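Make a model of the complete structure from these sequences and hints.
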Amino acid sequence: MSRGGRGGGRGGRGGGGVAADIVFDGKPSELFPKYDVPLAPSLSKKDERQVSFFLLFREQCHDGPLYTQARTWTQGLGKTQRTYGQDQINSRYGQTSKATVDPFLAVPTYSQKFIQPERTLPDLESRPFAKEFFPPELHATLDGDDGPSANKRRRTGPKSLALSHITALRTAEELFLPEAQQSYDKALQVLDTVEKNGDDLGFLSGEDDDDDWVKHRDEDDDGDGNVEEDNDEYDDESGDDYNAEQYFSGGDDDDDYGDDDDGGAGEF
Amino acid sequence: MSVTKYLAELCSLLIDDLYGELPSRIFAALLLRGRSSLPELCHYTSMSPRQLRHGLAVLHQHNLLFYQVDSYSEVAMYEANAEHAYNLIRAGKILEMIDTSFGAPAKDVMQSLLLSGQTRIGDLVAAYQDKIERANKAAKAVKDETSEWDEPSGTTETHHAEKRPDLVVKSTNQLNAVICRLVEAELLDVVHSKSFQTPFDIYKAVEKEVMDTHFPGGPRGGKAKVELQQKIAEGLRKVRDESKSLKRKLDQNGTQAKRRKLLFSGGSSNGVKDEHEEADSDPVLDSKQVIRINYEKCLVDLRNRRLVQFATDTIGPITAYVYGVFLGLLTKRVSRCRLDPKIDISEDDSQGRGYVTTDEILDSLKTSVDLSLGLGKAQRTEISSKAAEKILEDPPKKRKFIEEAEVDGNASSDESDDEGGSDTEHSDSDHDHKGPATNGTKVKFADSAKEQRLDRPALLRQHLLLLAESTQRFVRHCGHNDWTVDFVPLMQTMRESELDVVIERTSGREGLRLVRILRSKGKLDEKALPNVALMRKAEIQQKMLEMQTAGFVDIQEVPRDNKADVKKSFFLWFCDSDKALRRMLDNSYKTMLRCIQVLEVLRQKDKDVLMLTKRSDVRGKEKDVMEKVYYDRYSRFLANEKKLFAQIMRIDDLVSLIRDY
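Sequence order for the protein chains is D and C. For what it's worth, this note's numbering labels the leading residue of the first sequence as 1, then goes sequentially. For what it's worth, this note's numbering labels the leading residue of the second sequence as 1, then goes sequentially.
Some hints here could point you the wrong way.
[As the list claims (entries may be wrong)] Distance windows between CB atoms, simulated:
| hint | chain 1 | residue 1 | chain 2 | residue 2 | range |
| --- | --- | --- | --- | --- | --- |
| 1 | D | Lys45 | C | Thr357 | 31 to 37 Å |
| 2 | C | Gln129 | D | Glu118 | 28 to 34 Å |
| 3 | C | Glu546 | D | Leu31 | 20 to 26 Å |
| 4 | D | Asp36 | C | Glu393 | 48 to 54 Å |
| 5 | D | Glu30 | C | Val629 | 33 to 39 Å |
| 6 | D | Glu30 | C | Glu546 | 17 to 23 Å |
| 7 | C | Lys5 | D | Asp87 | 44 to 50 Å |
| 8 | D | Glu118 | C | Lys204 | 41 to 47 Å |
| 9 | C | Asp617 | D | Ala99 | 28 to 34 Å |
| 10 | D | Glu30 | C | Asp608 | 47 to 53 Å |
| 11 | D | Asp87 | C | Asn136 | 52 to 58 Å |
| 12 | D | Ala99 | C | Lys208 | 38 to 44 Å |
| 13 | C | Glu600 | D | Lys45 | 25 to 31 Å |
[As the list claims (entries may be wrong)] Simulated crosslink set (DMTMM-like; lysine to aspartate or glutamate; CA at most 20 Å straight-line):
| hint | chain 1 | residue 1 | chain 2 | residue 2 |
| --- | --- | --- | --- | --- |
| 14 | D | Lys113 | C | Asp617 |
| 15 | C | Lys643 | D | Glu48 |
| 16 | D | Lys131 | C | Glu242 |
| 17 | C | Lys194 | D | Asp63 |
| 18 | C | Lys537 | C | Asp525 |
| 19 | D | Lys131 | C | Glu79 |
| 20 | C | Lys543 | D | Asp36 |
| 21 | C | Lys614 | D | Glu118 |
| 22 | D | Lys113 | C | Asp624 |
| 23 | C | Lys131 | D | Asp63 |
| 24 | D | Lys45 | C | Asp653 |
| 25 | D | Lys46 | C | Glu74 |
| 26 | C | Lys194 | C | Glu207 |
| 27 | D | Lys131 | C | Asp70 |
| 28 | D | Lys46 | C | Asp123 |
| 29 | C | Lys605 | D | Asp102 |
| 30 | C | Lys614 | D | Asp63 |
| 31 | D | Lys45 | C | Asp99 |
| 32 | D | Lys131 | C | Asp286 |
| 33 | C | Lys204 | C | Glu227 |
| 34 | D | Lys113 | C | Glu79 |
| 35 | C | Lys194 | C | Asp99 |
| 36 | D | Lys45 | C | Asp313 |
| 37 | C | Lys642 | D | Glu48 |
| 38 | C | Lys607 | D | Asp63 |
| 39 | D | Lys46 | C | Asp313 |
| 40 | D | Lys46 | C | Glu641 |
No wet-lab data here; the hints were simulated from the structure. Quick caveat: nothing in here was measured; it's all calculated off a predicted structure. No residue lacks a Cβ here, since even glycine has one placed at the ideal position from N, Cα and C.
In structure tokens, the structure reads:
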């Protein structure tokens, strides 16, 4: 017998057995019937630890040289979630046109200086690799020789692996409701970093323009040419625009900041 | 590991979350298309070769790829390593496990390795040296500043430790020692030339080699075929052992036993003392070696923790502690949860002794633990010592686990209640040292102060017997003083009990009851079921259909004659646990995937806040810069993120139980 027939037969037989019990309920079904939403139990101490370790790990990954921040995936814009085929998937990425630009963020503003520049490619040349385990076609890429800027600039000297500087995960509570002890610690830390670099970290330690003399002194020592060079590197696409060591402790960006600040003052 | 659609999506989303969009896109394409070369990937993803090369390098650095280079054309073929990609979600668990069992320095090293992927030991040491030096300099600077009111010099070490609690590894010697510990525990592996070949490729290569050398004309007859299998297994084992070369070298060092002892007897937490003791006994590791994390062994340790948790829930914390120590000793030489049928044909004996003696456990127990707690006391006359001390030398035969599961499932939902007053549980299940005690037997708990105390070995024995007699068969008593664990049936029991919990949650107690009836009876005719279950026919039909849609039970049609008349056919209900578990597994992947997607949506929603917190002028002084509204949104986002990841990790518990343990 065919499959359809089987199903029909079953249905009929089942109906026969049930019919006596069914009472027709004429009421319309409730619009929002009560639904018992299962709630997950709150986190245990162990869960908390595991999650915070994972989040810290994630944070450190994002801080490292192999992370690419750039997101080219465009959502919405009349596109559906469902895709049929690789072409459609590919067309979701890398669409930068006038239509996709966010008009509110497209105009350069002062505060954009503080936004960490996005990397489109990982910064491979900043760290060493165990090259013998990589396929030969990737070796040049690992050296940072892959790309149009390859001939221009070569990193000299030995490469070194940098450990992440993020050592603790900060929660919103810590950020916003610091206790006395904590702010004391933070102050000490800032002092630490200032001492360590002898660099201008005025804005990090929360100092204002009153203390500008510190910056002036430093920049006088540096001279302008240095800063110019830094800018060059900064513009380079796959260049050394990211350096974990200088991420917190005020590297080029900070110099930039100081410099521009200065320049602005000069213009006025 | 079969990669389903949801698993593939989950893996690529995980990579996206951790390493960025570029590697994730490549990984997704590799999962979808299978083994491909660079030009092929170019074609699939329509990315530039330069982008692809960078992305592939990142993926490879994080051990997420297999590749093979063709010896003629020098073209590499890449393949995705979905297992390692999935393991990324376990990073938090692994780190937590390392932190509790090996201490903070080991965790720090492990984290650095997780971050940087496969790493040369020399590079790792240099990085740590760099960090230490910088911290020292900073500490010195601070010290110069504050020395006026600080204690005079001489206490530099402590001062420095106080000031910078984030510097966990204090010297390269300590780093070396930590790496040695982790390598000895097999948690770190050496990367070798075949690490990045797929298991299948390795198998083929070994098979070809064996065929060429031993059976040039092909194997003839049954005996030769068995021999061929053995030879292949041997070859595969040799390849696998290459990654343990560093461990072997360390093992050859004479002081190994002594150091092991230090490691396992809780010397891990007081790092300072160990540092000095161990620093001189450890050989300096070859800085050319490349190491990476061995997830297989991590899973073994995670399984131990899971079992201990299970024992805590069913029996009690002290017994579970004993169990934990015992498992630690037993699995020291177990390097993977599931044996590979191709490799481990005759490996039962080569894994070394498969049991642990009571004395060994006793040596490893902390003396601060009072073993007399958590044990019931009964009159000597009420204990059938013969039954309690029964020795089972052979692992249980492949018998049905139905009966076990039935009893166990019963307990699993209620047993958390019993945890406090295990009194009831003891008398319920007629436990060992009470033997055939009736329900009326007064069971007193050992009051360590008043009653006469048993000595420690005897108490330990009691705990182990308790574990051996439990319905879950945590432990097998395989010799007078020898104990072992049969992991396969034990994990099967745990899996079934987990399935029972899920069934109960989705279709209620009646559903669970029906499933248990089906399990014990096998296939059951539709008409017979109401009689057996003592339920109304209509109710049963509805429930069974509901469970069929959920995938817990299934129906089979058996025609009575050639015509296959539907009205005359039998309809047999049955329950296939394996199938149900497989379905549950895929559902779990899907749930995890949805969690990450929800997180992404949340991120989009609070994009402005998150961008603000990432700004370099906001970082560090968020309180001054951000408004209260923003703070509220930010903290809500963080709380949600935490909850979602916790949910993912809980589901991962289930996944690892079903798939990996």
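>> Would the hint linking Lys46 of chain D and Glu74 of chain C be met if the CA-CA limit is 20 Å?
In response: violated (49 Å)
>> So if I understand the rule, the pair passes when the alpha-carbon distance is 20 Å or less; does Lys194 of chain C with Asp63 of chain D pass?
In response: violated (31 Å)
> So does Ala99 of chain D sit 38 to 44 Å from Lys208 of chain C, Cβ to Cβ?
Replying inline: For Lys208 of chain C against Ala99 of chain D, whose Cβ atoms are near 56 Å apart, the range 38 to 44 Å is violated.
>> Can you confirm whether the C-alpha distance between Lys131 of chain D and Glu79 of chain C stays at or below 20 Å?
In response: holds (19 Å)
> Lys46 of chain D and Asp313 of chain C: Cα distance at most 20 Å?
Replying inline: With a Cα-Cα distance of about 15 Å, the restraint between Lys46 of chain D and Asp313 of chain C holds, given a limit of 20 Å.
>> Check the hint pairing Lys113 of chain D with Glu79 of chain C against an upper bound of 20 Å on the C-alpha distance.
In response: violated (40 Å)
> Taking only the CA atoms, is the gap from Lys46 of chain D to Asp123 of chain C under or equal to 20 Å?
Replying inline: Status violated; Cα separation ~33 Å.
> Should the hint that Asp617 of chain C and Ala99 of chain D are 28 to 34 Å apart at their CB atoms be regarded as holding?
Replying inline: holds (31 Å)
> Is Lys643 of chain C within 20 Å of Glu48 of chain D, Cα to Cα?
Replying inline: holds (9 Å)
> Taking 20 Å as the top limit, are the C-alpha atoms of Lys46 of chain D and Glu641 of chain C close enough?
Replying inline: holds (17 Å)
> Can the restraint linking Lys113 of chain D and Asp617 of chain C be considered satisfied, given a maximum Cα separation of 20 Å?
Replying inline: holds (9 Å)
> For the pair supplied as a hint, Lys642 of chain C and Glu48 of chain D, is the alpha-carbon distance within the 20 Å limit?
Replying inline: holds (8 Å)
The structure shown violates the earlier hints numbered 7, 10, 12, 17, 25, 28, 34, 35.
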